[in-house]
Structures are given as structure tokens and as C-alpha cells.
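For the protein sequence lines, the chains are X and V, in the order given.
Sequential numbering of the first sequence, starting at 1, is according to the working numbering.
Sequential numbering of the second sequence, starting at 1, is according to the working numbering.
Hints are computed from structural coordinates only; laboratory data are not their basis.
Given the structure is predicted, the values throughout are model-derived calculations rather than measurements.
Don't take each hint at face value.
Derived lysine-lysine pairs resembling DSS-like cross-links, with alpha carbons at most 25 Å apart [said to hold, decoys possible]:
1. V:K212 x X:K217
2. X:K212 x V:K217
3. X:K217 x V:K292
4. V:K158 x X:K217
Cβ-to-Cβ under 10 Å is the rule here; a few derived chain V residues that face chain X [said to hold, decoys possible]:
5. F42
6. V44
7. V67
8. I69
9. D72
10. Y74
11. K109
12. I209
13. L215
14. G224
15. G232
16. R243
Ideal Cβ positions, reconstructed from N, Cα and C, are used throughout, including at glycine.
2 protein chains.
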Amino acid sequence: MNEQVSKISANDRKLNYFPLGDRGKTVQVLAPATVANLVCGFDVLGMCLNEPNDLMEIKLLDEKKIVIISADGYPLPLDPALNTAGAPLVEMINELPDNIGFEVTIHKKIKPGSGIGSSAASAAGAVVGANYLLNDFFSKPDLVRFAMFGEKVASGVKHADNIAPGIYGGITLIRSIHPLDIVPISSPQLFVTIVHPQIEVRTSDARQILRKEVLLKDAIKQWGNIAGLVAGFIQNDLALIGRSLEDVIIEPVRSILIPGFDEVKLKCKVTGALGGGISGSGPSIFMLSKDKKTAIEVETVMKEIYNKIGLAYHTYVTTINQTGVKIVIG
Amino acid sequence: MNEQVSKISANDRKLNYFPLGDRGKTVQVLAPATVANLVCGFDVLGMCLNEPNDLMEIKLLDEKKIVIISADGYPLPLDPALNTAGAPLVEMINELPDNIGFEVTIHKKIKPGSGIGSSAASAAGAVVGANYLLNDFFSKPDLVRFAMFGEKVASGVKHADNIAPGIYGGITLIRSIHPLDIVPISSPQLFVTIVHPQIEVRTSDARQILRKEVLLKDAIKQWGNIAGLVAGFIQNDLALIGRSLEDVIIEPVRSILIPGFDEVKLKCKVTGALGGGISGSGPSIFMLSKDKKTAIEVETVMKEIYNKIGLAYHTYVTTINQTGVKIVIG
Numbered sequence: 001m002n003e004q005v006s007k008i009s010a011n012d013r014k015l016n017y018f019p020l021g022d023r024g025k026t027v028q029v030l031a032p033a034t035v036a037n038l039v040c041g042f043d044v045l046g047m048c049l050n051e052p053n054d055l056m057e058i059k060l061l062d063e064k065k066i067v068i069i070s071a072d073g074y075p076l077p078l079d080p081a082l083n084t085a086g087a088p089l090v091e092m093i094n095e096l097p098d099n100i101g102f103e104v105t106i107h108k109k110i111k112p113g114s115g116i117g118s119s120a121a122s123a124a125g126a127v128v129g130a131n132y133l134l135n136d137f138f139s140k141p142d143l144v145r146f147a148m149f150g151e152k153v154a155s156g157v158k159h160a161d162n163i164a165p166g167i168y169g170g171i172t173l174i175r176s177i178h179p180l181d182i183v184p185i186s187s188p189q190l191f192v193t194i195v196h197p198q199i200e201v202r203t204s205d206a207r208q209i210l211r212k213e214v215l216l217k218d219a220i221k222q223w224g225n226i227a228g229l230v231a232g233f234i235q236n237d238l239a240l241i242g243r244s245l246e247d248v249i250i251e252p253v254r255s256i257l258i259p260g261f262d263e264v265k266l267k268c269k270v271t272g273a274l275g276g277g278i279s280g281s282g283p284s285i286f287m288l289s290k291d292k293k294t295a296i297e298v299e300t301v302m303k304e305i306y307n308k309i310g311l312a313y314h315t316y317v318t319t320i321n322q323t324g325v326k327i328v329i330g
Numbered sequence: 001m002n003e004q005v006s007k008i009s010a011n012d013r014k015l016n017y018f019p020l021g022d023r024g025k026t027v028q029v030l031a032p033a034t035v036a037n038l039v040c041g042f043d044v045l046g047m048c049l050n051e052p053n054d055l056m057e058i059k060l061l062d063e064k065k066i067v068i069i070s071a072d073g074y075p076l077p078l079d080p081a082l083n084t085a086g087a088p089l090v091e092m093i094n095e096l097p098d099n100i101g102f103e104v105t106i107h108k109k110i111k112p113g114s115g116i117g118s119s120a121a122s123a124a125g126a127v128v129g130a131n132y133l134l135n136d137f138f139s140k141p142d143l144v145r146f147a148m149f150g151e152k153v154a155s156g157v158k159h160a161d162n163i164a165p166g167i168y169g170g171i172t173l174i175r176s177i178h179p180l181d182i183v184p185i186s187s188p189q190l191f192v193t194i195v196h197p198q199i200e201v202r203t204s205d206a207r208q209i210l211r212k213e214v215l216l217k218d219a220i221k222q223w224g225n226i227a228g229l230v231a232g233f234i235q236n237d238l239a240l241i242g243r244s245l246e247d248v249i250i251e252p253v254r255s256i257l258i259p260g261f262d263e264v265k266l267k268c269k270v271t272g273a274l275g276g277g278i279s280g281s282g283p284s285i286f287m288l289s290k291d292k293k294t295a296i297e298v299e300t301v302m303k304e305i306y307n308k309i310g311l312a313y314h315t316y317v318t319t320i321n322q323t324g325v326k327i328v329i330g
């Protein structure tokens, strides 16, 4: 972890970025969707996606305030302390001199409650964009630390399994939250198919239905699987990734909230997906495939199932985003 | 997994190895000690050591029987079904024609009950040696499957976290027992210091004191750590290995059976060890170090602590054995 911020005085900070951070300067960022948990890595693994993205504009202000603007009329909370992009910036400017603030304009493309990291995208996009305007004054662990305040606003819990991949890109392990320990996990380029059945599962509800205790024998299976998944990603072993995408603890409980889940999982694997499961706390379901052709066939299977059920849905076929939040115009 | 055995007839088997397996032929093997669990990988991780080793001689017989000989008068059970080297060979010859058997002479160097895989060494050594005499007729997963019957004799449970590293060498993940799924985990060459305080902890007792349920929040910490440990080994990140060698579930319960444990762990880390903990179910304690100098300093710390406590002990300074059971004379 970079402890830079706490070790230098406010005066040193001024010297570091005041000549660099131009007031009125604006940056545009693409803030990506993310898949938390990755089946067997509940609360510790996450993966960044190339699609969909929120589009955000961040402007550096010369007074200590955060302004939130919803560009497309989406009913976002405009009080910064209650907004998932605003709360992280409130934390950030509290570690800066008094005459620094940000205005954030959000084009919300990732639907809140979809389970693909909508709140994290806003939070990660805001802090990466703001830090760009400060000439990368803060470290990535600092940005994760700020952005987690956005997750607290959204779900009551400062989890980092969407935030960290959003900021680092790729697949990330959050080995520990206290102290924050983020480990980028290298992986082969895989294709990701997502289906978002249009029902809302609140993260806080999805947490409440989990048992506080688990059987030791189930926990052992789970840590065998997460160890296999991490080894599979790093050692580029697609079959091992597939075998390890198994969750005996969380999925059996949460999947009952998602109509069609078992059928989607089974048929997508039969179609050739390596495996997959609930994205975050749902209701979106993700599947990994080794090539685009399979990923598109998997999408077709998903569409057929939700057409049959008669539930509206969105699908995405995308890839792992290896860089995280992208600066579009800076 | 190799399903070869169940798919070919007894006659096919004869064709495969009868001309090759010479009756009366003898092989000598070094059967290595192993460290199971590796702190956060209870029941799923193990590591093979270059020292100490059992020395075993295995002879191919022309009748269906297993003969066990204790070379140095150590009171081993001589009934094959009750012997940790014999039980695996009983299973093996049941998958062979009727006129195949083995005589096994054991020079027991790894003290039973020490926690560094004494029973697994006998089992792994027996099956690797026997398979050498059969010109490697069986696959490694087959050998693990046979050898686990030795663990059942020793502790009542067919675990593979000593067997698999003994047969594969290096660090192995046992992702699953049913079906058997063994994943070799690459690692940097590390130095290992072991202290074996001369008290006996029975594996079965060490299992009984564990709770059947664990807190979900503790399980999450554990799978964060095992993911970090596996990533650290494969990505050659020594600091990450050190941070991940933490166990919030098993060690707090089992370490109370080992006098001096907390002091050993704390002082060895202060001395420069990356980390470590209980080896298997104890009472041995292992510590990983990045170089030999540190590993020897760690040994000195261990000696000082047990001298002060007044408990007899053995220590070993060794390295990771990357090949497993070694053929000495074949």
C-alpha cells in the first residue's frame, strides 16, 4: 500500500500538484461494469469488463465542493454524500487543501441493481477522473480506499470487489480489506457473456439472506476452488478455470432469487462456456468462454431461456478489460 | 484424471507390463516428508521437502501378497491392511492379475505423529516404487488414489494433502477429492525450517477439536489468504506469500496443543521468515525463508525457545523437493 498521503504535509501537497492541476480543466472517462465474486471468490475476487460503461465528465473546481449532475435525467441522488460518485470525492477533497472541488456529470448506462457493479463504476470513474486532473497525485490503493465510500452509500458495506477491478483492470484479488491488500491476477483473454434479467436484487437484501455460519467441509471445498481458479487464471489453464467455477456456499442461497438461473448455468456450460454464475449479488449472470463464437452461442441460449420465461432482459458479449477506467478526453 | 485402469481388461494389462515387470527386481526409494495445509490451505495444499526421508526397498513378487518388513526394528504394523505402506499396495494389486505382489522393507526415519507426513511418506514411497517396477503402468492420479488408503489406515480419513506433494513433488493443490483433482502449483525455491517438539499430536485428535461450522466472515478471510498464497507462489511474490500465511480458522484451535507455538511464530517472523505455522496437524512447526542464512537463523530461534521450555525437539533446515519420491537404485 502506498502511504504517501498520510506522510506528507498539506504544504508539500500544494507543491506537488498546485502547479499541475488546472482549475476548470475537464476530463471524460469510461467507467466500466465489473463482475464481483467470480462464483467461488465471494467478497475477494472481481473482474473488469469492456462493456457496458458509464460515461462521466469531471471538472476541477476552485472551491471545496462536490457538484453532481445527471446528464440524462436519470434520478440519481444529487446530494454528494448520498451519491456513489460523490461520496468518494467528498473523502478525497478532505485530504486536499480547502480550495479544491469537483463537478461530476454522469451519463448512467449501467443500470443500478443489475449486479454488474453500477455503483462501483460511478465511484471508480469519479476518483480515477479526479486523480487524472490532480496529475495522479493519489496512488491506486488510495483511490480504492476513497471509492469504497461509494459502495457504502450503495449497499451499506465498504466492499472492494467491484471497485478494485474497476480501478486496476483485469481480475483482482482483494486479499484483505483491513489493511487493504489488492493483488492483480493475470489471466488469459476470455470472452464474457452477461444476461441481466430485468428484476432488481438489492445488494443489501442479497447479503441478508446469507447464513452467518458455514460448514467447515463446504468452506474447504470453496477454498480448494478459489485456489484452483486463481491457479487456472495465472497458469492459463482453461479446463481448471472451468472446474473451479463452483460455489457451494453463496450460489445455492442467492440463485433462488434469480428466475431461470439453474437452466442458464446448465445450458450455457453444455453450449461450451467454461463456467460462470451470479454476477455480484445478481440478478445478472455471467459466463466465461474461450472464444467469441462460443460467447455468442451462450448469449443465444440465455435469450432463448428468458424469452421462454417471459422476462425482459439485456445481454452483453464482451471481454476482460485489462486497464480499468479509461480516460477518453483529458 | 487417468481412467486407464478401469477401461482395459486384465488381459490387456498383461500385454502391457508382463514382459516389462521382472520378478525379483528391487527398487530403493527415498520417500520424503511433506507439510500439509500450508497454514491457510487446510486439507487442500501441501508441500514436499528434501529432508527428512524414509528409505524403502520394494521387491516385485510372483504371487498376490504384500509383505512388510521393518528394517530397523521400528514397531510398524506388519499386517499389510493395517500398514500405511501396505494398504495402498493391497489396493494396487487388486487392480492387477493374481500373480503380482510386493515385499516392502521400510527404514523409518520420519517419526509417526510428527506432523510432517510420516504415514504419507510410506504410502507414497510404496506406490511410486511399486509402479517403477511395473514400468510406470499406473498414472500419478492412480498412485494418489492408492496411497490415500494408507492415510485412511493412519488417521481414518483419506486425505491427499501429504500424499499428492509426496508423489508430484513441489507444492500441490488438491482442489477436490471426489473427483480427484490435483493441481501442481509452481513456486520459487524457498528454504524451509522445521521444528518437531517431541510431543505426539494424533491427527484424529487434532481433527476432533475442530468446529464443524465456521463464521462466514472468517471463511472469507481464509479464501482471500489461500488465493493470495497461490498467486504469491506462482507469481513469485515473496511478500505476498508472507502476508497470506495467515489462518483464522484452524490454527487458533490447534495451536493450543503445541507448547511455545505463538512465541515460535512471532520470533521467527521477526528474525526474517516469510511466515509459517503448524505443519499438518502438528506438533511440528514450519517456517519459509527466502535464503539459507535466514532459515538457519530461524532454526536457532526455534532451538532457543524449546531449550528454554525444556522440551526435546528435532529441527531440519531444508528446501522444497520439486520431484517427490526419488528412485535411488532401480
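Worksheet item: Hey, K217 (chain X) versus K292 (chain V), does the alpha-carbon distance stay inside 25 Å?
Response: Status violated; Cα separation ~37 Å.
Discussion item. Does K109 (chain V) hold up as a contact with chain X if the rule is Cβ-Cβ below 10 Å?
Written reply: violated (31 Å)
Item to complete: Against chain X, run the beta carbon of I209 (chain V) and see if the smallest gap drops under 10 Å.
Response: Violated, because the Cβ-Cβ distance from I209 (chain V) to chain X comes to roughly 12 Å (cut-off 10 Å).
Discussion item. With the threshold set at 25 Å, check whether the alpha-carbon distance from K212 (chain V) to K217 (chain X) stays at or below it.
Written reply: holds (8 Å)
Fill in: Restraint satisfaction for D72 (chain V) [CB to CB of chain X, less than 10 Å]
Cβ of D72 (chain V) sits 37 Å from chain X, so the hint is violated.
Worksheet item: Against chain X, is R243 (chain V) within 10 Å by beta-carbon distance?
Response: holds (6 Å)
Discussion item. Hint G224 (chain V) vs chain X: min CB-CB distance below 10 Å?
Written reply: G224 (chain V) check passes; min Cβ-Cβ to chain X is 4 Å, inside 10 Å.
Practice prompt. Go through the hint on G232 (chain V) and say holds or violated, using the shortest Cβ distance to chain X against 10 Å.
Written response: Holds - the Cβ of G232 (chain V) comes within 10 Å of chain X, reaching about 8 Å at its closest.
Fill in: Interface hint compliance - Y74 (chain V) to chain X, C-beta minimum distance less than 10 Å
Result: violated, 33 Å to nearest chain X Cβ.
Practice prompt. Tell me if F42 (chain V) is really an interface residue toward chain X, meaning its C-beta lies closer than 10 Å to one of theirs.
Written response: For F42 (chain V), the interface hint holds, since the closest Cβ of chain X sits about 6 Å away, which is under 10 Å.
Worksheet entry | Per-residue hint verdict: V67 (chain V), partner chain X, C-beta under 10 Å | Status violated, d = 37 Å.
Worksheet item: Hey, K158 (chain V) versus K217 (chain X), does the alpha-carbon distance stay inside 25 Å?
Response: holds (14 Å)
When held up to the earlier numbered hints, the structure conflicts with 3, 7, 8, 9, 10, 11 and 12 and fits the remainder.
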